[in-house]
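Between the sequences and the hints, there should be enough to build the whole structure, so can you do that?
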Amino acid sequence: MDASITLLTLETKSMRSDIAGFQSRVTGLEQCIGSLEAQAAMSQDREQDLLYLRSKLTDMEDRSRRDNIRLLGIPENEEGTDMQAFLSSTISKLISLDFDPPLEFQRAHRVGPKRSVNSSRPRSIITCRLQHNQTLQILQVAHSHGPFRVDQHDIRITADYSKETKERRKAFLAL
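Numbering (the working numbering) for the sequence shown: 11 to 185.
Note that these hints are calculated values from the structure, not bench results.
Where is the CB? At the ideal position from N, CA and C, for every residue including glycine.
It cannot be assumed that every hint is accurate.
[Said to hold, decoys possible] Ranges of calculated distance between the beta carbons of each label pair, as one might list FRET restraints: (1) K180 - E114: 46 to 54 Å; (2) D55 - L20: 47 to 55 Å; (3) R73 - Q33: 54 to 62 Å; (4) Q54 - H163: 46 to 54 Å; (5) G44 - H119: 53 to 61 Å.
Here you go:
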């Protein structure tokens, strides 16, 4: 009987040491979990900050583009050497409005690298207008008229938006 009591005592001591080891491991795991939860909360805060900053950046980009107009469908090299003179006469013909003061452009150019000769789609033209009210007039007429047909080419005039805004607007088209 003394042998069985001694055996039970040894097993109890062994169990106690195992339990103490488990307790220290659980305590360590609880600390790691607490640290991970704090990092997850910080990560969520940073993600919210990132979303906020992205929305601000998109807003700023759209505001900087508000005087820009995109012209789609004008064949390559039709503008010749003076893009601004070409656009002034082309837009005046398409829109059929007399502008006072005359149309002025801060800059105008084709977007993207040159396409191959066999490409069926011409690059779009982007222009920055100096008079915001003229930009609005052009866009209103273009929106109400739809695509303009010139020499068997459909020419569209649109506002210039950031990539994010274009994607959001495209999502509404499905509705």
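Each hint, compared with the structure:
In this structure, K180 and E114 break the distance hint of 46 to 54 Å, their C-beta atoms being roughly 31 Å apart. Between D55 and L20 the beta carbons are some 53 Å apart, a value that agrees with the proposed interval 47 to 55 Å. Between R73 and Q33 the C-beta distance comes to about 60 Å, which sits within the given range of 54 to 62 Å. A hinted range of 46 to 54 Å holds for the C-beta pair Q54 and H163, which are about 51 Å apart.
Checked against the hint of 53 to 61 Å, the pair G44 and H119 passes, with Cβ atoms roughly 57 Å apart.
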